[in-house]
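Here the protein sequences come in this chain order: A and B.
Residue numbers for the first sequence follow my numbering, beginning at 1 and rising by one.
Residue numbers for the second sequence follow my numbering, beginning at 1001 and rising by one.
No lab work stands behind these hints, which were simulated from the structure alone.
Possibly wrong hints are sitting among the right ones.
With a Cα cut of at most 27 angstroms, we get these calculated BS3-like pairs of lysine-lysine [to be verified]:
id, chain 1, residue 1, chain 2, residue 2
1, B, Lys1206, A, Lys65
2, B, Lys1193, A, Lys63
3, B, Lys1193, B, Lys1230
Not the full set, but computed from the structure, chain B residues with beta-carbon under 7 angstroms of chain A [to be verified]:
id, residue
4, Leu1138
5, Glu1151
6, Leu1157
7, His1159
Now the in silico label distances, taken between C-beta atoms and shown as ranges [unchecked claim]:
id, chain 1, residue 1, chain 2, residue 2, range
8, A, Gln77, B, Leu1157, 48 to 54 angstroms
9, B, Glu1186, A, Pro88, 52 to 58 angstroms
10, A, Gln77, B, Glu1188, 50 to 56 angstroms
11, A, Gln153, B, Leu1130, 51 to 57 angstroms
12, A, Ser132, B, Asp1029, 53 to 59 angstroms
Built from N, CA and C at the ideal position, the CB exists for glycine as well.
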Amino acid sequence: MSATSHRELSTLFEEADKAWDEYVATVKRELVAWERLRPALVERLSILRARISSSLEEAEELKVKLELGLIDEEKSQKKLNALLEEIPAMRSELEQAWLLLERNTLKSILHMKRLNLPLDVTEEDLRKKLESIETSFKRHIIDSKDVYEELKQLVEQQLQLVST
Amino acid sequence: MSSSGVCPALYKDSKGKFYCKYAGGAEVDPAFMPCLMEYWECPYYVQAAKAKKMEAAAKEKEEAGVSVVQPEETTRVVSRPPTAVAVEAEEESLGASELENLIYQASELTKSWEEYERAAREVIEKWEELRDRLERELLSIDSSLEAYAAELNRIELKHKLGVLDENQFEDLKKELEGKISEKMSEKENLQRKIEELDRLVIPHYKRVKAAEVKPEIAKLRIALSKLEQKFKEGGITEDLYKKLKAELEAKLKRLEAIREEVEA
């Protein structure tokens, strides 16, 4: 065997190993960055969900209070208009933020599975998330059918990864 | 007003249930309503009475086309001794001026009260609106706290699983605990502001509401009764029914407390 073939054979997988080590380091770094950035996103989602839900409930209450004679029509209409005005913007922000969360969650699970890192999410957690998406869509907390479908698809993909 | 002390709008069906004509035929419970007592203070009675008055006034105006001139009454003049008249006149003028003074003072008092009432109602309305906004902010803060608490649990789990090393975990934990502490402080501040606002406004609320506490109580009782009916008929969800019922009962309790204070 020549000296060249010997050298080639001994350095054969070095580049792949180097690429892999870089990949591992990058993933670990980005997972930590994700843990740092996630709380602000989750907080915003939580606030938007609560605000939209409460505004929708209040709008329903106003209608019933008007029927019960507890509030006059002008006052009720003014309050209703104010509530209905703020909901679309909050909804749109919620939908985009929620998609961002689930896309990044899917990527984090995918990379963790590749590195054989233990997952912090269970199948039960993901099934509850799917229920939450259904409920949010039924209650008009999210409105867009496309966003609803995409969210469901993202969480189903997460479920598939977690269960294999 | 009916001499029997029973509201003329109250009626009973064959099953023995009571209903109010003036409240659009809503079911009522006379045990808790003013139907059998001071029904003239009931807001529905007042509304119906006003409407009747306006109808009568409109009718009168129509009939006022024909007017009859009545002869003037002749006044009898009684003669008295001059000194007695002078003393009597002086006494009368003192009494009259005291009376006029008191009438003037009472009118001024009425004006002051009306101005106070107007200003107080404005403040109360703003207080109710602001309180709603502050309650919504509190709701946002509670949502934030819930989210951060969940994230803290998450990173603790990741640390246990070995995904985060000690330094990474401590750094992230410190950040989250900092945010939680910030939000808690914001919440306490907001709650203090709401309490301060309540402390200042509630005495005015009580003064203004004391005058209308009985009709307001009646109105709330009718509303509760209508709410029950609506829920039985499936017109609203159970969650909404429970929430509104709790709100109305809390308002009733507040007003009844004011009534007790006023009547004490």
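Outcome of the hint check:
1. B:Lys1206 - A:Lys65: Cα-Cα ~23 angstroms, so holds.
2. B:Lys1193 - A:Lys63: Violated, because 30 angstroms separates the two Cα atoms, which is more than 27 angstroms.
3. B:Lys1193 - B:Lys1230: Not OK: B:Lys1193 and B:Lys1230 at ~37 angstroms, beyond 27 angstroms, violated.
4. Leu1138: For B:Leu1138, the interface hint is violated, since the closest Cβ of chain A sits about 11 angstroms away, which is over 7 angstroms.
5. Glu1151: holds, 4 angstroms
6. Leu1157: At 5 angstroms from the nearest chain A Cβ, B:Leu1157 passes the 7 angstroms test, so the hint holds.
7. His1159: Violated, about 10 angstroms.
8. A:Gln77 - B:Leu1157: 48 to 54 angstroms: Cβ of A:Gln77 to Cβ of B:Leu1157: about 49 angstroms, so the range 48 to 54 angstroms holds.
9. B:Glu1186 - A:Pro88: 52 to 58 angstroms: violated, 27 angstroms
10. A:Gln77 - B:Glu1188: 50 to 56 angstroms: At 36 angstroms between Cβs, range violated.
11. A:Gln153 - B:Leu1130: 51 to 57 angstroms: violated, 43 angstroms
12. A:Ser132 - B:Asp1029: 53 to 59 angstroms: violated, 42 angstroms
Going down the numbered hints, you'll see the structure goes against 2, 3, 4, 7, 9, 10, 11 and 12, while the others check out.
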